[in-house]
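Novice: Residue-level listing of the chains:
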Amino acid sequence: MAELKSPDTRRCRYFFLYDGSKVRGEGDPTRDGICYFYPEETPMDKQDLLCGQLAGVGRCVSELSSSAVRILRLRRCKFAIRMKDDFFWALGCSMEVPTVSVCELLDHLIDLFCFYNGSVRQSYQLNSKETLAAEWARYLSHVLSGPSELHYILQSVRTLDLTNVDPLLLLKAALILQACQRCPLVLAGCVLFRGRVVSTQMPPQLTIKVMVHESETYAKTQRSSGRSTPTSDGGPVSATAVFLTPSELQYLQSAPVDKISSSHSAPEKDAPPKKTRLSRTLSDIPSSESTPSRPASCQSLQRASFSPHTSSSEDSVFSPAPSQGSSADSPNPSPLSPIRRFSYGGNAHEAEGGTPDSLHSGGGGVSQMPSERDGSAFEESLHLSRGAASEMTDCGNAAFRDEKTPAGEGGVCCLKPRGHKAEMRQPPSGSCSFDSLEESPLVSMALYVHRVNSLVLALLVEPCFMGDSASMEEVNHSSLASLNGLEAHLRAISPAAPGAAGPYLFAHYDSVQSTLTTNVSGRPGGASEYLFVRATSLLHSHFFDTETLQEAIIRSAGTAVYGTRSVAQETYFQQHGGSMRNSGIPNQQDSAFSLPSKARHRLLKHGVNLL
Amino acid sequence: MKCLLIASESAEVLFHWSDREYRQNIQEKYGVSQEEGEGLPAFEDILSTLFAPIIISCSTLEDSYTSFTTENNHIYVLHQFDECLYIAVNGDGEEKEDDLRRKLYVLKKMVEVMFGMVTLSGNLLRKELRPQDTEQRARLWNYLQSLLETYSLLRENDQSFLVEAVERLIHPQLCELCIEFLERRLVQQLNSSVERAGEEVLHAFVLVHTKLLAFYSSRNASILSPSDLLALIVMAQNMYPSNVDLDDMSPEVSNGLTLFFGLLEKAGRGETPVFEFVDPEIQMAEDSLHTLEINPPDPASPRRVFLEVSHKDGLYPMMPHSMYCLSLWPGITLVLLTKISSSALAISVYKYLEDFDKLEKRLHEGHGAPASARSPLNMQDIRSKMDKFIKSLEPHDLQYAQLQNVWAEFKSRAFSRAGSGFNKDLIPWCKNMKTQLCGIYRQCFLTGSLSADVTHRLSAGLQERAQAMVREKLVDWKDFLLVKSKRNITMVSYPFLFLNDFPGLVHFICVDRATGQMIAPSLNITERTTSELGKGPVANYIKNKVWALVRTTRRYLQKGYSTVTLRDGDFYFCYFLWFENETGYKLQPVDIPVLADDSPPIGMLAYDYYKLLRYYSKNHKGENVKCYELLTVHLGVIPTEIILQHCRQLASKLWEPSRNPLL
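Same order as they appear, the protein sequences are chains A and B.
Each residue of the first sequence is one higher than the last, beginning at 1 in this note's numbering.
Each residue of the second sequence is one higher than the last, beginning at 1001 in this note's numbering.
These are computed hints drawn from the structure, not numbers from a lab.
Each residue gets a CB set at the ideal place from its N, CA and C atoms; glycine is no exception.
Among these hints, one or two may not hold up.
[Stated by the list, open to error] Here are the simulated DSS-like pairs of lysine-lysine, each with C-alpha atoms no more than 27 Å apart in a straight line: (1) B:Lys1358 x B:Lys1411; (2) A:Lys84 x B:Lys1096; (3) B:Lys1312 x B:Lys1611; (4) B:Lys1108 x B:Lys1411; (5) A:Lys22 x B:Lys1029; (6) B:Lys1002 x B:Lys1029; (7) B:Lys1029 x A:Lys84; (8) B:Lys1388 x B:Lys1312; (9) B:Lys1559 x A:Lys598; (10) B:Lys1096 x B:Lys1611; (11) B:Lys1618 x B:Lys1653; (12) B:Lys1431 x B:Lys1351.
[Claimed, not checked] Here are the simulated distance ranges between beta carbons: (13) A:Asn609 x B:Pro1593: 34 to 40 Å; (14) B:Arg1219 x A:Gln588: 57 to 63 Å; (15) B:Val1483 x A:Gln588: 18 to 24 Å; (16) B:Pro1593 x A:Glu63: 53 to 59 Å; (17) B:Gly1622 x A:Gln588: 43 to 49 Å; (18) B:Glu1094 x A:Glu63: 48 to 54 Å; (19) B:Asn1544 x A:Gly526: 37 to 43 Å; (20) A:Arg31 x B:Lys1431: 34 to 40 Å.
Construct all of the structure, not just a fragment, from the sequences and the given hints.
Specialist: Rendered as C-alpha cells:
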C-alpha cells in the first residue's frame, strides 16, 4: 500500500477486474481471480491484498444493504465500483477527481470493453486473460489520455475547434454521412479528422466509443513515419465487430426527427421508409415475434441495394484512394477485387451459418456476387447467431482476416489482427448466455471504417453489410470523392495558435453533445490552472447533486470562480490577476461579483453565449 | 434505517445504536443466513457477525476505509479513533456522508465528556464502554443511545445545533439582570456554604430549551469552550427533553416523540410494548432506554463530566467536573458546573501521560534517551516527580499497587545499569505506564465516586435552595421566556425593518465564532403558528434549504472557499466568512487550509474548526482574532447588488449592540 501514500500525481491510481467465481474455496489463491490489474507493475502481493480486501468488503456491504457497492473510499484514494455477477471492477482515482466523474470513467471503460468484445463473461470464457488484459490496457490508456485534467471531470467528445473551421466543411461532412445513410444497412456514422470529430450522427457516448478504435489506428499510422500509404493494418477500408446495447440500437434506429437536437441528423428527409421498418424490427430483437418478418425485410433491402452496383463502371470508386498520390503503393488496384473479397466473406458467413468448422474449407471458395440465396442464407446465420452474437461477427472477422493474407495491397481487411480470434471461432459453449451489465443482450454490429489520410469515415453498419458488396460499393461510391475533397480542405486549415488565451480561464461543457471548449492547456504547472480545475471539479459535483442550482460564485483568498449551468451546458470562468482586494466581508465592489458579467462578455468570442 | 456502532479491532461491539427499521432489516438478514431457527442471538452479536469482515479488513488495509455507498444509496461511514472503529450507516437518505461523519465525531466527543482520559487507553475504554455486567452495560448503552437521539433531534430541528453555536435569548435587560443575580446571589451563596463539600461552583447558566438566557463564570474559572458548552446543552436536553414544544416540531418528529412518550407511559405502567422481531434482551434494552436514565436513581447526584480547562501554563483537556442539572420549570433549566476537590490530581496525571507519550514517540523514532537535561523531556526530573506523585497517592487499593509495581519495573529497566536503558524495548513499558496512569485517573474520577460518595458533592438541600432562588427570581418571566425562546427573533416582529431595510431577505444566520454564539430569526415550521414565511410547508421548505445551504457552504469551506453565492431555484444564497481583530478592523483574508474529505467535520461541537482558522489568520503573535460567518437567503428576483448591500449591512450591524436593530 506504499503507493497509496506516495504523492502520486496520476489521477488514476488503480484499476482492476476481479472474478470472484475463480476464488470460491478456502484454498484458492486470490490471484486466480485477478483478471486485470493496473498499474501492471504493481507487486503481486499488493494486487492480492487490494483485490481480496476490496472485493471481500464489497461483498459484505452488498449483502448488508442488499445492493451493490458503487463507491468505496479510502483515506487517500476513492474507488468507483461495479459489481456484476461475480465480476468486481474497481477504478481508483485521487481524491480530487469528483466522485461522479470516477463512476462515469469506470462505466465508460466497461462500456468500451463491451462495445468491442461483447459480453464480459463470454469474452473470458473464450479468451485468455492475457489477451483481454491487453484490451483493458488499451481502453484504459485511451480513457486516461485526456489532454487536461478537465477531461477527467467532464467526459467529452473531442471535436475540431469549430471556430476555426469553415461551416461549409461541416455541412459537407454532414452531407457525406447522410449520403452513406441512404444505404439501409448503414445505421449511423461519423467523420473524424486527426482524432477529432468533424461531424457525427451518433449520440456522444457512442461517438466516443467509435473514436477509441479510430484514434488508435490514427496513432499507429502517425507512428509509422507519417506515411499516408495504406498499410496492412491501416488500410483505407476496414471493419471490426462491435456490440451495441439495445438502447443504443434503438436510438440509432429511431426516426431522425425523434433524435434530440442533433443538427446533423435533422435535415435527413430522405430516410427510406424501409429503413424505419427495418429499425422497428430490429429494435424488437429480444422478442421472438419479430423473427419471421426480418429475413424478408432484409432480403428486400438487399435486393434493392444491389441494383445500382451491377454495373462495373462504378467499381472504380472502390479502388483504394485513387485520388491520392499514394496509389502507386497499391500495385494492383483491381477494381473488382474488393467486391470479390466481400462476396467471399459472405460465403464464409454462409458456411459459418451451417457448420462453424467449415470456415476454412470455405476459404477456397469461388468469387461470386452474392445472390439472393446468399443473402437469405446469411440471414439465417444471423438468426442462429442472435443467441451468440460474438460467434457471428467473429466468423465475419475471421473471414475478412483470411482475406488479408493474400491481399497485402490495401483491399478490405480486418483491423483486429488478434490471435485469439482463432479460439473464438469455436462455437461458444452456452450460446444463449448473455450477461452484459445492462442485463440485456448486446447486439452485434460492425464498424466500417474508411480512411483517407487523416480523415476517417466511420459507419456503424448491420453485420450483413460487410458481406454485401453492393451496399459497400454504394457507400463507397457516394462518399469517396467527397471524403477526398474534405480531407484536402481540412488539411489546409492551420491549427489555431495556442497560448492566445486571454487573461482568464474558462471551460464550457455542452452536456447534450458532450463537447468541452476550454482554454486550459493541460500543461503541468500553472497554479491558477490548478486552482481553476479544482474549483471546477467542486462546482461540477455540486451541480450534479443539486438539480435546482443555476449559478455559483466561490472565492478563496486568491481566486474566485464563477460557474453557471442550464439544461444544456455548464460554464466555468475564472479571471486572472487583479489581486482580490477584499477582506472577505460582503462588498458590492468586490471583483468576484463582477465575474458573471465578465464571463458573458469574454466568452462570446469563444462562441459561448451566456445571455 | 440508521445504525451506529463502535467496534474493537477484534470485531467486538463496544456500543451500538440503531433504529427499528435497521434492527428489523439486520435480523431478517441474519435469520436468512441461519440454518435452524434456534432463536436469534443478542443483537450486538448479530451486528458483530455481520460487520466482522468489514472491521477486520479495516485493520488489514493500511490506508483505511472512510466510506462506502451502495447503488440503493445506503451510506457507510467509518472512522478509526485510536483502537476503536466507529461505523455509521444510513439507509433512508435522510443523512449524507458528512452528517454521518459528524455523528461519529459527536459520539466520540460525548464519550470523551463521559470518560475523560480513560479514552486514551484503548484497553480501559473497551472495558468502560462494554461493562461485563449486562445490566450495567444496558444502562450505559441506553444512556449513550438517548444522548445520540437527543443530539440527532437537535441537529435536525435547532438552528444552533445546525451551525454548532450557542444561541442567546435576545433580551439585553433581562439577561443582564439574570447574570447579576447568578453572580452576586447564587454562586456567591453556594460557594460560601459549608454544604458544598469541597466543591466549588465555577460556571452557572440558565437554559430556556436550548437557548442561553444567562451565563456566569466565577473569576478563577477558565473559559468554558463552546464545544463543551454545546455538549452540556445536549446532556441537559437529554435529561429534561423539551417535550413541551412537541407542537413546534415537524409532524414526523412529533409523531416520533408521541410514540416515544407513549412507550414511556406503557413501560411505566408495567406493560411491555411488543415489537416484531425483537428478542427479549433488546426488548429489555429498549424499555430501559426510556426509564433508566431519564430519571437517574438519585436526582441530587451530579453527573461527572470531563471538560477542557485552560490554565496559565497550558491547556488541559478532559479535566473532571460535576454537572448539576436543575429543572426550574419544564423547558427552563439551571446548570451548575463545579470543580471537584481532587481535580489537581487530574492535571498531574495528564502531564505524566504526555511525558510518557513523548518518550514513546522518541523511542519509536529511535532517538533513545533524551540527551541533555535541558531537553523538554527530562527523564531524571520526571523520575523524581513521579516518585513524589506516587507517594502522594493514598495507598489503599489494587490500582495503586499496580502503578507502583509498573513504575518500579520501568525504573529498573530505564535507569539502572542492569536495565536495557532507553531503547525500543522500553516501549511496552511506556504503554503500560500510560495504562496505569489512566487506571488511576479512572479510579479517582469515574468509578464509585459518584452515587456512592454522598459526602463529595453539593448537598441535596443546597441544590434545592439554589433551585428555589432562581425560580423565585424568574417566576414572573417564566411564560415570557418560554415564548421568547421559540420566537427569539422573528421577521414578523420587525416588519418595518425587514420590509424597508431588507426587502427580499428571507432568512439569515450570523455566527460569532470567537465566542461560539449565533443570531438567527426563528424558523417556525408548525401548522399552528403562522410566521411571515406562511404556514408549515413553506417554512419547512425554507428550513430544508437553510439546512442544505449550511452543508454546502461547509463543503466549500473545507476546500478553502470562504465566500459562496448560489442561485438555487427561486432563491439566492450568500455565505461569507471573515476575520477581524479586537478593535473591529477587518483583516486581509488568508488561505484557508484545504482539508481532506475525511477530516473532522467543520463546526464547534465535536472539534473546534474555527480555532484553527483564527490561528491561521493571525498576523501577529498574541493577537486575538475574531471570526464571523454570515448566511443569507434572499428571493432570487432581488438584484445581486441589493443583496450584497443587505449582507454588508447585516454584517456590520448585528454584532454592534449600539447599532444592532434587533436589540
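Novice: Each of the hints needs a verdict: does it hold here or not?
Specialist: Right, here's what the structure says about each hint:
The straight-line distance between the Cα atoms of Lys1358 (chain B) and Lys1411 (chain B) is roughly 17 Å, inside the 27 Å bound, and the hint therefore holds. Between the alpha carbons of Lys84 (chain A) and Lys1096 (chain B) the distance comes to roughly 26 Å, so the proposed pair stays at or under 27 Å and holds. With a CA separation close to 19 Å, the supplied pair Lys1312 (chain B) and Lys1611 (chain B) stays within the 27 Å bound. In summary, the hint linking Lys1108 (chain B) to Lys1411 (chain B) is not supported, as the alpha carbons are separated by about 35 Å, beyond the 27 Å threshold.
Distance hint between Lys22 (chain A) and Lys1029 (chain B) is fulfilled; the C-alpha atoms sit about 26 Å from each other, no more than 27 Å. As the CA atoms of Lys1002 (chain B) and Lys1029 (chain B) are separated by approximately 15 Å, the hinted pair is consistent with the 27 Å bound. At most 27 Å may separate the alpha-carbon atoms for a hinted pair to count; Lys1029 (chain B) and Lys84 (chain A) meet this at roughly 21 Å. For the hint pairing Lys1388 (chain B) with Lys1312 (chain B), the CA-to-CA distance comes to about 23 Å; that is within 27 Å, so the pair holds.
The suggested pairing of Lys1559 (chain B) with Lys598 (chain A) holds, with an alpha-carbon distance near 25 Å, which does not exceed 27 Å. Distance hint between Lys1096 (chain B) and Lys1611 (chain B) is fulfilled; the C-alpha atoms sit about 25 Å from each other, no more than 27 Å. Using a Cα cut-off of 27 Å, the hinted pair Lys1618 (chain B) and Lys1653 (chain B) holds, with the two alpha carbons roughly 24 Å apart. Among the hinted pairs, Lys1431 (chain B) with Lys1351 (chain B) is consistent with the structure: their alpha-carbon atoms are about 15 Å apart, no more than 27 Å.
For Asn609 (chain A) paired with Pro1593 (chain B), a C-beta distance near 38 Å keeps the hint of 34 to 40 Å intact. For the hinted restraint 57 to 63 Å between Arg1219 (chain B) and Gln588 (chain A), the CB-CB distance of approximately 46 Å leaves it violated. Taking the beta carbon of each, Val1483 (chain B) and Gln588 (chain A) are about 38 Å apart, not inside 18 to 24 Å as hinted. About 39 Å separates the C-beta atoms of Pro1593 (chain B) and Glu63 (chain A), a value inconsistent with the hinted range of 53 to 59 Å.
At about 35 Å, the beta-carbon gap between Gly1622 (chain B) and Gln588 (chain A) misses the expected band of 43 to 49 Å. Taken as a hint, the range 48 to 54 Å is violated for the pair Glu1094 (chain B) and Glu63 (chain A), whose Cβ atoms sit roughly 23 Å apart. Separated by about 40 Å at the C-beta atoms, Asn1544 (chain B) and Gly526 (chain A) satisfy the suggested range of 37 to 43 Å. Distance hint check for Arg31 (chain A) and Lys1431 (chain B): the Cβ-Cβ separation is about 38 Å, which falls inside the suggested range of 34 to 40 Å.
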